[in-house]
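K.L.:
These protein sequence lines are chains A and B, in that order. The numbering used here applies: residue 1 is where the first sequence begins, and numbers increase by one. The numbering used here applies: residue 323 is where the second sequence begins, and numbers increase by one.
If you're looking for bench data, these hints aren't it; they were derived computationally from the structure. All C-beta atoms, glycine included, are put in the ideal place defined by N, C-alpha and C. Keep in mind that a hint or two might mislead.
[Claimed, not checked] A short, non-exhaustive set of chain A residues, derived as facing chain B with CB atoms under 8 Å:
#	residue
1	E3
2	G27
3	I45
4	G123
5	S133
6	V298
7	S301
8	G302
Protein chains: 2
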Amino acid sequence: MSEREIIGEISRRFQKTTSRSRHLVCGIGDDCAVFRQQAGSDWLISTDMLVENIHFDLSFHPPYKLGRKIVAVNLSDIAAMGGLPEFMLISVSLPKYIGRSWLADLLAGIDDMSAGFGCQLIGGDTVGGGELSFSVTVIGKTDGITPIYRYGAKAGDRVYITGSLGQSGAGLEILRGGLQADDPELAEKLIEAHLNPEPQIKTGRMLAERALATAMQDVSDGITTDLAHICSASKVGAVIYEHLLPGREQLERICAGTNFSALDLMIAAGEDYQLVFTSPSRRLAENTAEITRIGEVVCGSGVRLVRLNGTEEDIAWRGFEH
Amino acid sequence: MSEREIIGEISRRFQKTTSRSRHLVCGIGDDCAVFRQQAGSDWLISTDMLVENIHFDLSFHPPYKLGRKIVAVNLSDIAAMGGLPEFMLISVSLPKYIGRSWLADLLAGIDDMSAGFGCQLIGGDTVGGGELSFSVTVIGKTDGITPIYRYGAKAGDRVYITGSLGQSGAGLEILRGGLQADDPELAEKLIEAHLNPEPQIKTGRMLAERALATAMQDVSDGITTDLAHICSASKVGAVIYEHLLPGREQLERICAGTNFSALDLMIAAGEDYQLVFTSPSRRLAENTAEITRIGEVVCGSGVRLVRLNGTEEDIAWRGFEH
């Protein structure tokens with residue numbers, strides 16, 4: 001079964017469940033669940049499981065950066081709702097080959113990333129398993145703003161993205177030896193995008209505070225899948241344009257003469273931990289260097305990509321499935 | 323490194339962290355962390371990781387009961403604070419050998435156990451890993467009561483336990499073929515105690531509502547370890563008496579002529595998911611059939627066991643480490 005099939009099975013089963021908390025604002029199906037004691041200030045909660053050789057490769061992922069990353073991918077879910085991180089719980093299954101100094105470096109990375117965003121470790125669990133894996137749960141607060149859900153996109157909105165796409169995917173392929181960058185500084189930047197992504201808390205918060213985004217999601221599985229989530233939840237379609245994808249020319253240069261496709265890295269490799277969002281605003285990208293318009297929301301369903309040569313294809317749900 | 327060494331390393335590292343949330347009531351070091359929006363009603367949160375062949379054995383754990391159990395062990399942490407379960411998040415790493423019908427049975431067990439306590443699934447993650455493992459996070463509410471922490475035990479308090487001790491451990495050894503019960507009904511009961519434990523939400527809540535317990539903890543690692551947590555947090559010692567341990571005679575009968583020790587099953591096998599608590603009340607056990615006095619809180623430190631023959635030994639921290 002694929003991840004989507006399993007989640008579908010779980011959602012079907014638990015939507016029938018009669019128990020429904022009066023404290024719940026939003027359950028399964030967004031970047032975070034949302035609950036509250038009383039109206040006005042909500043709690044956001046999200047959890048991720050990260051398993052060796054699926055989500056990370058110890059042969060090139062140093063423990064300090066891995067510690068940063070397992071926190072960052074969760075903070076990214078809080079960013080995608082416009083929240084502020086507050087608490088986290090981390091469980092770890094540690095095989096015998098993990099030593100004391102490796103663990104100390106991992107903890108230093110966890111500590112630095114979480115403290116940088118004011119997020120405090122309040123619990124967790126440790127197990128001596130056969131496979132290295134982590135489960136991270138982050139709790140954020142909305143602190144007066146309305147969270148940005150996946151379901152608010154409207155036909156006519158523009159589709160925006162923060163930062164560049166495909167850098168993490170390209171960095172991974174450089175680490176694996178499949179790709180080479182033309183200069184060492186660029187190689188370093190792409191590798192860093194993969195090993196040490198930065199959650200977009202500040203931009204997510206700015207968008208929520210100014211109520212600029214109608215729907216938002218972080219780019220973890222590639223925008224083919226992440227934008228498809230927004231379209232599915234909002235009951236709309238989206239059109240994006242290859243020529244507008246930020247970072248395209250750089251990746252095309254690196255991929256030239258290899259079997260790798262710059263386009264696939266940009267739309268399907270995932271792990272960019274940028275934010276993809278929709279907004280009726282026409283001038284967002286003009287005012288903020290870090291935001292690029294990549295398309296628009298349309299009636300219908302699915303995610304269509306307009307290629308450089310003008311042909312169109314539906315690319316929904318083609319992202320990486322963990 | 324043992325689980326305690328790892329947790330020690332983590333606690334040392336994160337106690338130095340400067341970020342400390344104004345919403346936090348209690349962080350690492352109890353059954354649950356406690357946080358709040360404003361005083362009067364707190365949220366409890368706890369997380370557990372459960373890994374195949376460490377926490378459960380698929381050769382005798384049917385998926386429906388496994389689903390119940392992975393929820394129950396987390397609800398037990400909410401019970402140990404006197405809280406009411408409200409939400410949960412479940413992440414699962416599913417190897418390829420897990421099929422659709424097995425997963426459906428697991429989900430049915432998760433659903434039944436959580437719905438039975440009014441606890442709603444609001445999130446999670448799925449991964450196709452090499453090893454079957456679960457990470458469950460449960461959020462409870464205090465709903466007006468003060469949670470029962472580990473740190474309130476006072477010299478002179480009595481030590482009480484709910485239910486019986488060692489049943490889960492004996493049930494596991496019956497499943498493994500090492501022990502045999504004298505009658506099939508008893509065997510069934512012990513096996514059920516292992517495969518399908520019942521979280522003591524009702525008793526924990528009653529104790530919190532009536533402010534009867536000064537400290538409480540659930541019995542997951544065996545009372546040698548679980549009572550040691552209470553003593554360490556409360557800066558007291560405890561003395562418990564072998565002749566008072568509930569269920570002893572039955573287990574001695576089953577263990578007679580085998581290499582198994584009824585005492586070890588009772589104090590160190592763990593996974594009973596009963597509650598051990600301290601209380602100044604003298605008459606708790608007289609009023610409630612399901613509560614037994616097993617000892618008292620004393621000045622000093624450690625957990626001493628008075629054997630049937632009158633000899634004493636320190637048994638602190640001898641429980642099962644996962």
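K.L.:
Now tell me if each hint is right for this structure.
P.N.:
Evaluated hints:
Annotation: E3 (chain A) was flagged as interfacial toward chain B, and the flag holds, the nearest CB pair being 5 Å apart, inside 8 Å. Interface hint status for G27 (chain A): upheld, as the beta-carbon distance to the closest one in chain B is roughly 4 Å, under 8 Å. Interface hint at I45 (chain A): satisfied, since its Cβ lies 6 Å from the closest Cβ of chain B, which is below the 8 Å cut-off. The beta carbon of G123 (chain A) comes within 5 Å of a beta carbon in chain B, closer than 8 Å, and the hint placing it at the interface holds.
Look at S133 (chain A): its Cβ gets to within about 6 Å of chain B, closer than 8 Å, so that hint holds up. Hint status for V298 (chain A) relative to chain B: violated, with the closest Cβ pair at about 30 Å, above 8 Å. For S301 (chain A), the shortest C-beta to C-beta distance to chain B is roughly 24 Å, which exceeds 8 Å, and the interface hint is violated. A least Cβ separation of about 24 Å between G302 (chain A) and chain B goes past the 8 Å threshold, and the interface hint is therefore violated.
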